[in-house]
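Chemist: The primary structure of each chain is shown beneath.
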Amino acid sequence: MDIKKILKEKWPYLFLLLVAFAVPVLVSSRYVFQVIVISVVWSVAALSLNLVLGYTGLASLAHAGFFGIGAYGVALLTRGGMSFWLALPLSALLATVVGLFIAMPALRTRESYFAISTLCFGVIIYIVAGNWLSLTGGHTGIIGIPRVTPIRLPFLTIEFTSLTSQYYLVLVLLLLTLFVMHRLVYSLQGLTFMSIRNNEVLAEAVGINAFSTKLLSFCIANFIVALAGGVYAPLMGSISPTVTMHILTFNWLVFTLLGGVATLAGPIIGAFAITVLIESLYFLGEYQLIIFGALLIVVIIYFPRGLMGIYDNLSLKAKDFYQQRRSGFKDVQRIAQSRGSD
Amino acid sequence: MSRRRGRDNCPNLFYNIKRKGCESVQLFLQQVFNGIMIGSTYAIVALGLTLVFGILHVPNFAHGHLYMLGAYVTFFMMKLYGLSFWPALLISMLVLALIGVLVERIVFRPLINQAHITMFISAIGLLMLIENFVIVAWGPRAHRIQNPYPTIVRVFGITMTHQRIIVIAAAVILMVLLQLFIKKTIVGTTIEAVAQDREGALMMGISVNRVAGMTFAISSALAAAAASLVAPIFMISPTMGGLLVMKAMIIIILGGMGSIKGAILGGYILGLVEALGGGYLSAAYKDVFAFGLLIAVLAVKPTGLFGKEK
Amino acid sequence: MKRAKKLLAVLLILALAVTIAGCGKKTEPTPAPGPTPAQPPKEVVIGYSGPLSGPAAEYGQDCLNGIIYAVEEIKNAGGFEVNGQKYIFKLESIDDGANPTQSVTNARRLQELNAVAITNPVMTSIAPMIELNQEAGNEFLMLAYTSTPKVVQTGNKYLVAVPPPFTVYINAFSKLAWDKGWRKGAMVITLGAYGDEWRQLFKAHWEGLGGQITADQPANYYTEVDYSAQLTASLATNPDFLLIGGPSQPTALVMEQARMLGFTGAFLLIDQAKMEYIESLIGLDMMGEVIGVGRIMDFPSATAKKFDDGYTKRFGVMNTWESVLNYTMTHKLALAMQAAGSVDDVAAIVAAYPKVYPIKGDTYPVEYFGVEAGGATYLPAMVQTIEAGKYSKPALYVWWAKTDAEFQQVKSQAQDGSNMVKMDLKR
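Chains as they are written, first to last, in the numbering used here: chain A, 1 to 342; chain B, 1 to 310; chain C, 1 to 427.
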């Protein structure tokens, strides 16, 4: 692994990483900072939704339910005295197990049926969260969630009381998620997921077990989004059943689709862009959501592949432009080749 | 003046049965009546949705908001132009039919060749647009429509208002009309043709686009009718369609997408399950019964009661 | 070209980053410029984050209207004076749709706009917001408009609770119902944080008295319109009274549907539902016998009627407790700032709050008699009944007085203490 080579090829990503780590220094407004922190959490959620929807073709509309299980799990366990670092994986595990139970009946259905039945499961989770008074505190929710347990290293203690420290926590989660997604998508397993998305019948004919593949994708996605829920709880300090509402799932859906479905950057870009857009439309007052709704329709019609789609188109055009500039001969060669290879 | 309810309502017919038994039967019948009434509303709304979702494969999540808009148009007509109930309802159906055609053309048709999920997104955009437009135009408060038939009728101790009976009757009439339309008219058969085989219909020279517009028109008009029928009993508000569309989705999946029979049956089943479950088991978890029912059915038959295997 | 692609990526992301970073830098609100040589009134920002869209929009708007009314009144009077400088309020309101995540974002935004006090009328939004208001250098006073008893148990240093805790109403209603000889009650209350707590506490209290709750059939007043299932089941248990309530409009529906199903007993209304509003929707005949929160216009203060008329003229809608209490809350804030001698030192303002009481009925539509350390403010709880188509004389419950002497003192301070009743409330 040549350091020089990495720097030469991957420098935009390293630059981005630097910017991400420097955010607390660059941004002075606490309001903007808050929006950024929340957007990072939403990015993780949208990324996990993209795994199951964009790469595997499963419209899992119960996603927010698992986010909520992660959040409630951490909230209840840490209030009971457990360390955050133990509560987080436990809650994510719980969400995955619940997901298994849901997957059993749901994965037998196809497409729209799957979407609606997962939507139903999500709403059931919301209703249970709201009515199980003794466990979840009902609709009032849980107040007074302790901050993330400090990490005691031999030479220093990392506390998580300031917004900056919480930002780094969620940033690390986002980077981990990106790493996992990247490895997954560009592996044989990722190809398997995509084969299910593209043509399930054909995939089965080739010998892929559709059910277990879908189940795997579903479980990984649920685990990740529950982690996001788990960091959201101490961030807010109090949660209510609204963290399980299907509205959240729809938001992440919009982020993913407008950012660019089945891309790694898409959900992140979508999360930030849409949040910024909504906040900046605030001046429109009562017309804010009307304009936003109309914009949503227009954008999805003209840019069905989202912002990443626009970006791809632009870069293709840039590529062509570069090519033309470079050498006309190569162009002729290319045309001749394409003609010949009919 | 607190006369205990029920004690003197038991007709002589049941006198030999213990009074408690009589009251239980009354309670049961009352819940059944409630369930049938709500089921009628559900059935009409689900009918509209199954036409669009099942036949055109458009996941119109904004269906509930078209329903709500129908109620508001009726309210508007009655309030501003002083029309009486039935003319206002008919105008509302017409207006919503037109809006349905527009929606199909502008919001959904451009995405026909993209993944289904993109239509979901534009439906969400449409939903936000409609809801907030209504809030800006008429405010966030709920409104009342004058009940044209407020008289109460008591049969076997069951309380029914005339309006509720009309809802049930009108729903049945609409369903019969729709069935006749689909089976007996030429336009109706083109819809059925597209439902069965889109490419085949195209090859036969049927304008699929025209059929799509027509289907949306019928779907929206039905929603408007359902909303206007129940509006005088309840209240209209900008968010009245939100939960309803989810229930309608459940119904059409339960009954099988694209199946008219399924939508009707599913609607009544759901209405009864909610009334009886909510009344006898748990009111707080009333909505869970709807969702739970769906899961139970799908576990046994993944394509719904009358659904076809793809 | 791979290079071009990556360059483009970096540029796009930079552009986005700059936009995000830049759009947060809001300039300070400039004070109103005035050519007059006398010092023009400076602006003090108060923030409102609440539901202005969605199912709770009407409730949120009512609260906001009260604040707007007070802010305008203060402005028209030339402002309030602190240390020789006149000040008026600048109201910044942001919709949060009762979504707690948005409330917190709004709180941050309002902090940026230099809001000294922020108000919110939903408990599940207030809870995460008070995680922020004690940050050194960024403090703000949380004006919590909620009658949930938990809100004054959080230990937050900068919090004031505006309405009385609803446990007062539970006590009052129970006593009135018990004295009438009723023993069996059924509950059809709204689902939601507020309704859940009401149900829990009322049931515990009523059963503690020796009464019986024959049915507990909650309904979602925010989304449902058909309550026949719950009502039918409840009425089958032959209750003496029905405890119902949620927002006023659906409560009117519940009443109507219950009456149509043949219920002839009485209704007890939780404090969210307002009798005069319901009356305007379905009429006194349909309502029958009702025990609930009293009408504002019947509050024994000289200003109540005047406020009622002025408010209805300004906003074109009926006055509600939300508006009247938010109105008084805004005026109290101005008084506290005056007493503290500061418009931005939150700690000083909170410390000065006790000095603004008693709030008297000759100037304000309602009367407040004090505040305590946790933030609970002493507003007597007003209860009225409707019997035989007429409103009774209101009873005002003094729920904070620990001794008889204290109660007598309150009674003497009030404009009209004849209807005051002492209540022993366990807190």
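The hints are simulated quantities; they were obtained by calculation from the structure and are not laboratory data.
Hints should not be assumed to be uniformly reliable.
What the hints assert, rightly or not - Derived EDC-like pairs: lysine to aspartate or glutamate, alpha-carbon spacing no greater than 20 Å straight-line: (1) C:Lys42 <-> C:Glu92; (2) B:Lys261 <-> B:Glu192; (3) C:Lys42 <-> C:Glu73; (4) B:Lys301 <-> A:Glu111; (5) C:Lys184 <-> B:Glu23; (6) C:Lys390 <-> C:Glu207.
Chemist: Tell me the numbers of any earlier hints that the structure contravenes, in ascending order.
Modeler: The structure conflicts with hint 6 only, although it agrees with all the remaining ones.
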